[in-house]
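Those protein sequences? They're chains A and B, same order as listed. Start counting the first sequence at 936; every next residue gets the next number (the working numbering). Start counting the second sequence at 936; every next residue gets the next number (the working numbering).
Calculated directly from the structure, the hints in this document are not laboratory data. Don't take each hint at face value.
Since copy identity is lost for identical chains, a pair holds within one copy or between any two.
Computed cross-link-like contacts, DSSO-like style, restricted to lysine-lysine with a CA-CA straight-line distance of at most 30 angstroms [as the list claims (entries may be wrong)]:
1) K953 to K1055
2) K1129 to K953
3) K1055 to K1135
4) K1055 to K1129
5) K1135 to K1022
6) K1101 to K1055
7) K1101 to K953
8) K1129 to K954
9) K1135 to K1101
2 protein chains.
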Amino acid sequence: MSVQTQVLEALQWRYAVKKFDASRVIPDDVWQVLEQSLVLAPSSFGLQPWKFFVVRDLALKQQLLPHSWNQSQVVDASHVVVFAIKKNITAADADRLVARMAEVRNVPLESLQGYNNVMKGFLEHPPAPLDAWATKQVYIALSQFMVAAALLQVDTCPMEGFIPMKYDEILGLPELGYSSVVVCPAGYRSPEDKYATVAKVRFATEELVQYI
Amino acid sequence: MSVQTQVLEALQWRYAVKKFDASRVIPDDVWQVLEQSLVLAPSSFGLQPWKFFVVRDLALKQQLLPHSWNQSQVVDASHVVVFAIKKNITAADADRLVARMAEVRNVPLESLQGYNNVMKGFLEHPPAPLDAWATKQVYIALSQFMVAAALLQVDTCPMEGFIPMKYDEILGLPELGYSSVVVCPAGYRSPEDKYATVAKVRFATEELVQYI
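Build out the structure end to end from the sequences listed, making use of the hints.
Rendered as structure tokens:
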């Protein structure tokens, strides 16, 4: 199978799972790749204004259920990934990134001063609230995670239908300085999920893609 | 090569290209897959509150350059994808989606009334401004596009550094009811792009992924 076919088939195969098979767990070696799909996600300036909280404990998942419009995916999925933005991002986060850049690339910190200044200029005078900016970045990570999962034949279900404040409280995110913005249970579809076989609905390509 | 290795290598290979090879064009068969990666992107309720404008014309790309912080990627890349949100989304968009669902799935429109009502309830009383909601969905499409591109060894460079109002004006988006939110040139890295070989900088996995 060509890579082209492989990619197309994975994107066609993916759907928002309604019913996960609660008995199936994502194997460690597969999860390692999915974890890296989160870590390697691109973000504006490379600032990574996020953290990914992974819930596997059944009791904890059950606590999240009533705050998830009772969607069973958060209980039945193998791994529930809670995508969170970092709150109160400041110039210190730019310093933290360039310190890491200097370390990873083995270059002097001074050589990154210009880049640091550009980031600080943005962070100190953002064109829109930084929480909104960080949230958009998180959606990049969410999507990269879902595509990687589809390629590995792991099912997902992106969820905006949950109460972030309740999630934050249950998972202890405020103390850590993070706030949940979107959730993605991951695991394996149940053979009983009738949504697995219904046709994917998209508007016509000509309506969605316009060449200028 | 296992799919796991393939996915990891693609995500490692991807970087935000600074300098594209202006002489290389994405072949049609490869572009078809990338186009479908846009069309097949998931969105909240499946509403697809977006349109993807693709610029290939050199003169038009040059017009965009001064409104892109003079980043040469918008001129040198083979295809410049302008990700736009649909403005003024209303209950009519829910109607349009269920009409399409009825068509694609060959089911009676009445059977989708409940789903339509849920969407309309959301659209009529959104928890946040609909433009912000649509923008988040667009970032899902952006990321799916970038991952698909990386797998096909097509380079990309996500760009928030542009003037949406100027882009909209040049591309005639307001008349169509759309507004640009993020841009992604796609093509092939120049052999001269020194950023291709520098190490990717990410915070430590333990800092980014937390198991609860």
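Determine which of the earlier numbered hints do not hold for this structure and return their numbers in increasing order.
9
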